[in-house]
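Next come the chains, spelled out residue by residue.
4 protein chains.
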Amino acid sequence: MIRFECDYGEGAAQPVLDLLQQTNLEQTPGYGVDDYCEQARALIRRLCDAPDADVHFFVGATQANFTVIDAALKPWQGVLCADSGHIHVHETGAVEATGHKCLPLPGVQGKITAGQIREAVAEHWASDSHEHEVQPGMVYLSNPTEDGTLYSKEELTDISAACYELGLPLFVDGARMAYGLASPANDLSLEDYAALCDVFYLGGTKCGALFGEALVITNEELKQDFRYAIKQHGGMLAKGRLLGLQFLALLQDGLYTRLAAAADEKALAIRRAFEDKGCRMLYDSPTNQQFPVLPNAWYDRLSERYATTLMGRPDDGHTAVRFCTSWATRDEDVAALLADIAAL
Amino acid sequence: MIRFECDYGEGAAQPVLDLLQQTNLEQTPGYGVDDYCEQARALIRRLCDAPDADVHFFVGATQANFTVIDAALKPWQGVLCADSGHIHVHETGAVEATGHKCLPLPGVQGKITAGQIREAVAEHWASDSHEHEVQPGMVYLSNPTEDGTLYSKEELTDISAACYELGLPLFVDGARMAYGLASPANDLSLEDYAALCDVFYLGGTKCGALFGEALVITNEELKQDFRYAIKQHGGMLAKGRLLGLQFLALLQDGLYTRLAAAADEKALAIRRAFEDKGCRMLYDSPTNQQFPVLPNAWYDRLSERYATTLMGRPDDGHTAVRFCTSWATRDEDVAALLADIAAL
Amino acid sequence: MIRFECDYGEGAAQPVLDLLQQTNLEQTPGYGVDDYCEQARALIRRLCDAPDADVHFFVGATQANFTVIDAALKPWQGVLCADSGHIHVHETGAVEATGHKCLPLPGVQGKITAGQIREAVAEHWASDSHEHEVQPGMVYLSNPTEDGTLYSKEELTDISAACYELGLPLFVDGARMAYGLASPANDLSLEDYAALCDVFYLGGTKCGALFGEALVITNEELKQDFRYAIKQHGGMLAKGRLLGLQFLALLQDGLYTRLAAAADEKALAIRRAFEDKGCRMLYDSPTNQQFPVLPNAWYDRLSERYATTLMGRPDDGHTAVRFCTSWATRDEDVAALLADIAAL
Amino acid sequence: MIRFECDYGEGAAQPVLDLLQQTNLEQTPGYGVDDYCEQARALIRRLCDAPDADVHFFVGATQANFTVIDAALKPWQGVLCADSGHIHVHETGAVEATGHKCLPLPGVQGKITAGQIREAVAEHWASDSHEHEVQPGMVYLSNPTEDGTLYSKEELTDISAACYELGLPLFVDGARMAYGLASPANDLSLEDYAALCDVFYLGGTKCGALFGEALVITNEELKQDFRYAIKQHGGMLAKGRLLGLQFLALLQDGLYTRLAAAADEKALAIRRAFEDKGCRMLYDSPTNQQFPVLPNAWYDRLSERYATTLMGRPDDGHTAVRFCTSWATRDEDVAALLADIAAL
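Read top to bottom, the protein sequences are chains A, B, C and D. According to our numbering, the first sequence is numbered sequentially starting from 1. According to our numbering, the second sequence is numbered sequentially starting from 345. According to our numbering, the third sequence is numbered sequentially starting from 689. According to our numbering, the fourth sequence is numbered sequentially starting from 1033.
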């Protein structure tokens, strides 16, 4: 079975492991205040052109999401997100467990707009009984989205402007950041994220690390005492350097986007192959996740050899699936798949 | 201004006040363990034909709702409800503040069905990633609903059966219970509620009391230590007898439903008057809330004299409003309104 | 049985009931935005000489306590309090249920000092691992305390200064405020409370009302959106005017402190009677709660006729009890008790 | 600087890294359902002689602690622990953030007793106002304790019996389990833990792994749906196999206790060296943490070359410190320290 069902099926890019091995017996202080973490922080600030940003490392994305949201919101505030947002549908109510409601907006291809945000906030304040409703207090979005799609610089700039005017911090979940940055369709740089968002992260888990997300906070208010929030929510890794080291290995010479560029290229080749066979794509994704809608017979055929994620059955005759590439996807596996698609 | 905008605009039915006055200087133990509370509990058990039920009193409905839901759910469970459910849209995220997600189902006229519940639960367990999603752990509905509509005995029996099979406690918010029981369209008795629900309440606040909701628990597991839950959530009234006394005054000779029957009758007269003028009703309500859709000019005319609740603008030419009667609605006010409607 | 075991055993002072009766059928908007609430707010602001203060009404003290604390604290902050503080020992973990830890300081006669607060905060920040500990974020105290004792103006001023320097809001639970204000030992006025505290309340439940606490917020940051907090925590009474009306009745002509002065006087007479018999007092209380330590035989004798609260057994031969007077305590009951004490 | 200040200053034992490297490019399903996790689970069940136990892996101990406690308790329950318990003093209120109060009992050398537990529970239920207090719902202890001391089999058996009788699940935090198991003073086996506890864990982070704790649940009720709890609290590692692999490397041939035995031996040599110089030990620890009380001058001298943890200043002339050895402590560093102690 060749696996295309997710982008976290393997371990880590070799330079990551090498650096962990090489530093293994060094003694450092715990909890992320070691030199390696400091170096990684400095590097990320430089890449973001955000010298005053705070950088914190998390083991995983769910943890990062609810910690940020809980730290940013007043108890009676909720977080606006797409109805397909990971925090709303795929984290076992982790945000609600911290006391806050997700306020889903109907997404198109996983994306929401500045207009939707403005409207939701305006509706809230216009309501006679707004004190009986959850107050929108923050905007969460993912880029790339759950559907593999990308916000353009213009879209994110509009959202950022809306958030700024409305007094809502903007939080971007970048669990697949590398695949976004490396996509041919992308026009957003890390500098843009730092300029447009109050807080965002560069995903490591799905982008070449064993695990880890690097959170960048530019909002002054959110910076304060944030390490307490990390610790309280179980996110402070004793051997914090493991996170700093991995991001150093990924970011210091561009490995992060090089790995992702190759993965995106493979994903887009798979997409083209399906499109050449007349398949419709469920979402218009320019990144490492592709969502072809297949005749059932084709799905059955491919399933004999390839593991994918089932997305649903749009009609009786078709099956929508997800093919995911990653930094670890092998050329020969893609070649085999392309050949098998062509032969359908 | 004559007020039809809610059913909690006045104080309490006179016998309620009289009993409070009459017992005012008696000394009783606090926190609801006094004799009056015990008498009220016994009376409610008798009316429900539920000798083993536990009965607790709350000051208000929001408090009752989140206390029950928090006590019943495991941390990773959420509560299925209509998308118009009070807990979902009108309690400032009180349920989420206890850590639990509302899982809204699309309602029709404020109602959900056994089929929807079965489907939602089946979908959850069928998901490959169900552990990444909130587990449905309870069903919440209101009767009468937010829209004034009523579940029939058959509908509630079906829902109850589904809940039983699925292992989900069924919780009925009866903030307007009296108006339901007294409606000509109703076929549910208190005995039915006790037999079909795991927990439900008889609203007092909107039904003749100064304040108060009487919660009936038939589910053994939920009974245990429930007073801790009340206290922890700020719901344990020091002078608990005030709640027992009010329900005694309302329930001991049928005042509760007599008051509501008069209110329903007035509401239905208002409904007929609007229908006679050709107005469509937003919801098909047989209880004390009526939702006519008015030509804007008519709305403006009536607004000069009558306070109502604005429900929205279905189209450019129309305004939907709510007229609410209550135990305190005066005959002359209804007569005036009927005349004014006729004159439109 | 004559009851001295608590100060919430009866209903309400007659003028309170009268005003409720007199306004019973008036129609007012709900949720505390009616004219009566506004009048009560204006009156309280005037009494506190705090024209910019926000005033909110709660049904009960536990609810007020956790709502204020939850609204004021960041998620990783806790609340400093005496180890006998009501929030720490007598509210079923209501504060913890909102996610915050009580940080108890060893009290003397129920009181803590500015020095203890400074030391606790200094220790926190001096710790190498302070991010692994709960950050002190607020100070809670009761006046009168749980033990009936009073903070002097000097003591409260010192605490206020410490809180101000340390950036901690100061919250005073005034559930028995009236008995404090009326005590011969008291030197604190409502103006002082408003000047020295960020937030405090005037208790109604134990001081002549059926129920209710009037919360005064002077801290700008805490004012913002506070009504959401009330609603979310189930504290927004539908018929909010019931609270405004009661405080109007109590405060508009000094009834509040007149009732309390009589109660304090009775309590001090009881204290003197016990002291005349050579009894030690567990706490040096100048308010409506008195805590004599009785030879067991005396305790048994008095228990035949009087209900009290058992406080513990300091040694094999003695029993400590609480005698509580209230606005409702009858002269003849006190006379009977004094005679019985004299006859011991 | 030679570091003895903690047991998480280095990376991982080499066989752990080797196994991660060796399996790095294998494709496995995520979230801990892969074969390596299954193998590690089977191995742990075998070592515990607990074929029906559930085994789950966590990245860190704080996360494991609050996830277990939140899953086990009813909302109004708290967790009994030593006043030095890690959850009470060193996790930024993580347990309270899930809504539950820590109920500290005064520990002796970091330990509590069955008697204390029985007494606390008896006191709770004997209280007239127990519903106003947090209900004890669970017992948490660490072994080795925070002070390096060990519960004997007899002590743990007594506590287990008390918990069983009282209906309280017993939870043992084994963050330093290996150093306990390997201590010459220990008489508890993994089989004993499995037989005596409802839930416990074998720490990896401090015992040779990069990170990770292996949680063993024997209590049937706690087993149910536990993976939801892990996910909701951010504890479900995407590449779950990293945890399974590390425990396989540590446990499959006894490396876990071999590493710890060497560390304990080094720690005890350090203890003997200090005792030979007449130093008192703050705690009577037979494990990898040692707490000598040093004359200040000695402390200053040793601090030039060795990093330790400052524990406090028992008097003006003395300083108490912690020396920690670990699986990674080098023989030559210990030899240097022993020589320097001898030369004091």
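Calculated from the structure, these hints are not laboratory results. Misleading hints may appear alongside valid ones.
[Stated by the list, open to error] Distance condition first, Cα-Cα at most 30 Å in a straight line; then the derived BS3-like pairs of lysine-lysine: (1) C:Lys911 x C:Lys841; (2) B:Lys418 x B:Lys567; (3) A:Lys74 x D:Lys1185; (4) A:Lys223 x C:Lys911; (5) C:Lys762 x A:Lys74; (6) B:Lys497 x B:Lys567; (7) B:Lys418 x D:Lys1185; (8) D:Lys1255 x D:Lys1106; (9) B:Lys418 x C:Lys762; (10) B:Lys621 x D:Lys1255; (11) B:Lys418 x A:Lys74; (12) C:Lys911 x A:Lys74; (13) D:Lys1255 x D:Lys1309.
Now for the hints, and whether the structure bears them out:
{"no.": "1", "hint": "C:Lys911 x C:Lys841", "in the structure": "25 Å, holds"}
{"no.": "2", "hint": "B:Lys418 x B:Lys567", "in the structure": "15 Å, holds"}
{"no.": "3", "hint": "A:Lys74 x D:Lys1185", "in the structure": "48 Å, violated"}
{"no.": "4", "hint": "A:Lys223 x C:Lys911", "in the structure": "23 Å, holds"}
{"no.": "5", "hint": "C:Lys762 x A:Lys74", "in the structure": "8 Å, holds"}
{"no.": "6", "hint": "B:Lys497 x B:Lys567", "in the structure": "25 Å, holds"}
{"no.": "7", "hint": "B:Lys418 x D:Lys1185", "in the structure": "33 Å, violated"}
{"no.": "8", "hint": "D:Lys1255 x D:Lys1106", "in the structure": "15 Å, holds"}
{"no.": "9", "hint": "B:Lys418 x C:Lys762", "in the structure": "25 Å, holds"}
{"no.": "10", "hint": "B:Lys621 x D:Lys1255", "in the structure": "62 Å, violated"}
{"no.": "11", "hint": "B:Lys418 x A:Lys74", "in the structure": "24 Å, holds"}
{"no.": "12", "hint": "C:Lys911 x A:Lys74", "in the structure": "13 Å, holds"}
{"no.": "13", "hint": "D:Lys1255 x D:Lys1309", "in the structure": "51 Å, violated"}
This entry does not satisfy hints 3, 7, 10 and 13, going by the numbered hints stated previously.
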